[in-house]
Amino acid sequence: GPKVLQIPSHQIIDMGQMVTLNCDPVSNHLYFYWYKQILGQQMEFLVNFYNGKVMEKSKLFKDQFSVERPDGSYFTLKIQPTALEDSAVYFCASSLEGGQNTLYFGAGTRLSVL
Amino acid sequence: GDSVTQTEGLVTVTEGLPVKLNCTYQTTYLTIAFFWYVQYLNEAPQVLLKSSTDNKRTEHQGFHATLHKSSSSFHLQKSSAQLSDSALYYCALSRTNTGKLTFGDGTVLTVKP
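Residue numbers (my numbering), protein chains in the order written: chain S, 1 to 114; chain P, 1001 to 1113.
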């Protein structure tokens, strides 16, 4: 099936530094998402993105978070500055359409903030 | 807001026997879609089943589920579990025009010989 790639698979960073998580979505998809999963807890929606804009974001999407997809390249999640509670696995997803379309997920990036 | 409940965190079944993973939900929206995602170790979650039609059975790869709006359920079943079915299974709900999914906590299915 369609593949979403996430780079890197694991990132270790010191608290207060900036981190950028990269996602290469399915090539013809138009909608992009980030989900956060703390160890042992459920996957939780962070944000979705369409046509260069954030459409919806959750309470977890703090002011230190930002997303962009410049010129059709990677869809990125930037955290600046990072905090200890940002340690989690971040999953990227994409879909061809919005609504109730199927989301295709990457394998996740494990972020460890020390 | 919306919520999805998967009552079992861990299910263990013997190969060849039937398996059922429970999923119930709460939402105030009428137009909703449901998904089962499966995640194998160190891999991406991938869609297993999808349904938005009440009382219609959906099947894929030997698994089946029926959305029952009357009981707010979308249980996943298989008549004969295989060793390769061992994985983490998520039930998820989608109800907005933005594609946002609300996930349950997930159920780890272990199939033993």
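Since the hints were derived computationally from the structure, they do not count as laboratory data.
Incorrect hints may appear among the rest.
What the hints assert, rightly or not - Pairs of lysine to any residue, SDA-like flavour, derived with a Cα cap of 20 Å:
no. : chain 1 : residue 1 : chain 2 : residue 2
1   : P       : LYS1050   : S       : LYS62
2   : S       : LYS57     : P       : ASN1042
3   : S       : LYS57     : P       : THR1098
4   : S       : LYS3      : P       : ASN1042
5   : S       : LYS62     : S       : THR76
6   : S       : LYS3      : P       : SER1003
7   : S       : LYS59     : P       : GLN1082
Hints, verified against the model:
no.: 1; hint: P/LYS1050 <-> S/LYS62; in the structure: 31 Å, violated
no.: 2; hint: S/LYS57 <-> P/ASN1042; in the structure: 27 Å, violated
no.: 3; hint: S/LYS57 <-> P/THR1098; in the structure: 11 Å, holds
no.: 4; hint: S/LYS3 <-> P/ASN1042; in the structure: 14 Å, holds
no.: 5; hint: S/LYS62 <-> S/THR76; in the structure: 15 Å, holds
no.: 6; hint: S/LYS3 <-> P/SER1003; in the structure: 28 Å, violated
no.: 7; hint: S/LYS59 <-> P/GLN1082; in the structure: 40 Å, violated
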